[in-house]
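In the order they appear, the protein sequences are chains A and B.
With the first sequence counted from 1, adding 2 to any position gets you the numbering used here.
With the second sequence counted from 1, adding 2 to any position gets you the numbering used here.
Careful, some of the hints might be misleading.
It does not matter which identical chain is used: a pair holds within one copy or between any two.
[Stated by the list, open to error] Computed cross-link-like contacts, SDA-like style, restricted to lysine to any residue with a CA-CA straight-line distance of at most 25 Å:
(1) 132 with 149
(2) 132 with 182
(3) 132 with 97
(4) 160 with 213
(5) 160 with 185
Hints were generated in silico from the structure; no laboratory data involved.
Source: prediction; values computed, not measured.
Protein chains: 2
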Amino acid sequence: MDSEPTAARPNAVPPSDFARVRRLGKRGAYDRETIDAILDAAPFCHVGHVVRGRPVVIPTLHWRAGDTVLFHGNAASRMLETGAAGGEVCLTASLLDGFVLARTGFHHSANYRSAMVFGVPVAVTEPEAKLAALAGFTERLFPGRWATLRPPTAQELKATLVLSLPLTEASAKLRRGGPIDEPEDLDWPVWAGVVPVRLSVDPPVPEPGLAPDLTPPDPPRWLR
Amino acid sequence: MDSEPTAARPNAVPPSDFARVRRLGKRGAYDRETIDAILDAAPFCHVGHVVRGRPVVIPTLHWRAGDTVLFHGNAASRMLETGAAGGEVCLTASLLDGFVLARTGFHHSANYRSAMVFGVPVAVTEPEAKLAALAGFTERLFPGRWATLRPPTAQELKATLVLSLPLTEASAKLRRGGPIDEPEDLDWPVWAGVVPVRLSVDPPVPEPGLAPDLTPPDPPRWLR
Numbered sequence: 003m004d005s006e007p008t009a010a011r012p013n014a015v016p017p018s019d020f021a022r023v024r025r026l027g028k029r030g031a032y033d034r035e036t037i038d039a040i041l042d043a044a045p046f047c048h049v050g051h052v053v054r055g056r057p058v059v060i061p062t063l064h065w066r067a068g069d070t071v072l073f074h075g076n077a078a079s080r081m082l083e084t085g086a087a088g089g090e091v092c093l094t095a096s097l098l099d100g101f102v103l104a105r106t107g108f109h110h111s112a113n114y115r116s117a118m119v120f121g122v123p124v125a126v127t128e129p130e131a132k133l134a135a136l137a138g139f140t141e142r143l144f145p146g147r148w149a150t151l152r153p154p155t156a157q158e159l160k161a162t163l164v165l166s167l168p169l170t171e172a173s174a175k176l177r178r179g180g181p182i183d184e185p186e187d188l189d190w191p192v193w194a195g196v197v198p199v200r201l202s203v204d205p206p207v208p209e210p211g212l213a214p215d216l217t218p219p220d221p222p223r224w225l226r
Numbered sequence: 003m004d005s006e007p008t009a010a011r012p013n014a015v016p017p018s019d020f021a022r023v024r025r026l027g028k029r030g031a032y033d034r035e036t037i038d039a040i041l042d043a044a045p046f047c048h049v050g051h052v053v054r055g056r057p058v059v060i061p062t063l064h065w066r067a068g069d070t071v072l073f074h075g076n077a078a079s080r081m082l083e084t085g086a087a088g089g090e091v092c093l094t095a096s097l098l099d100g101f102v103l104a105r106t107g108f109h110h111s112a113n114y115r116s117a118m119v120f121g122v123p124v125a126v127t128e129p130e131a132k133l134a135a136l137a138g139f140t141e142r143l144f145p146g147r148w149a150t151l152r153p154p155t156a157q158e159l160k161a162t163l164v165l166s167l168p169l170t171e172a173s174a175k176l177r178r179g180g181p182i183d184e185p186e187d188l189d190w191p192v193w194a195g196v197v198p199v200r201l202s203v204d205p206p207v208p209e210p211g212l213a214p215d216l217t218p219p220d221p222p223r224w225l226r
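The task is simple: from the sequences and hints, build the whole structure.
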């Protein structure tokens, strides 16, 4: 319910009327640096599309490559099956950063970073482009792993659906900092502050029977 | 890309044709126990709605109360402003549980739990019901905290928008377990297994000047 001003930055992506943050506009940001950082930090996203006039929101893995955000075919499958392919999507990637505990319920809030990308995704069909896209996906999470894998067959590559969405209509929204209480509430005798939340990793679990000399990859650097 | 069969359970929520999981149907689940557990474990969700024919997906905080899932007004504000209020939403709450690392790119996957709820949300307007809803929201994260807060004023209560969505059309989808590689790939010399991911909390950060005898609440039990 509260906010603190978002630092103004040069707009690399001028917001369309549609992408403009409607509520708490001072939390909005439209610069590519902010949008890219959120897309890169979020390991997965939610893709919304419209099926026979109804909204459908599906989680999927995404990754950014320059001026496009790529995402995996599981979200696309439903789109294809329902005839929604070719239609517009809203891809939203969000990270919860903390629970903001105020002295009254009304000023409780959450710290978060969220990026929204609007557009019509296009399937990456050219084999070399698709290969590069998939390599980029693995490398963004586990650098160096792609070259160590059994290379994909032509059939596997064909069976993998990768969609590409240009970063032309996008916005970010975020909240940082502690609660913003009413001045007269500051002495209310209850703990107030932020409980930070983040994604973290636990020790890797090897497959049964794995050769003991094979070592697990380092976890993505932002999850350590 | 892989899956393992989801345990069959009695269907408390018969899936509509629309809510039925389209892809990898064996990952689908429709029982309320599974759906409720995911909604209760996810601290936030993504709400999709349709604005002038275009999908819009917004992150927001949600909480379940019996047979309804409640969510906060920030998602609703845009719906109200754009005239989408009264329309259908798709509320999807997802938890990433791990990166699944196979011997080839094609069989890499993610472990996750995701619940989707379809329906037309209704604003909770009756003051006592709204008060109970907000108390439930705080209590689900920080049990015992609501009673310690400065009680909301009538004006604060009025300014808070809570939407309620019945759990009548819902489904869950999840993946668990290790990678499912081709038998001929099992000896490929690369580490394979699962890198578990979870939401975790860091030590609470008190507000500056907070009385030192005030102690922070325990973090939500599933985030410790």
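Where does the structure disagree with the numbered hints, that is, which hint numbers, in rising order? 3 and 4
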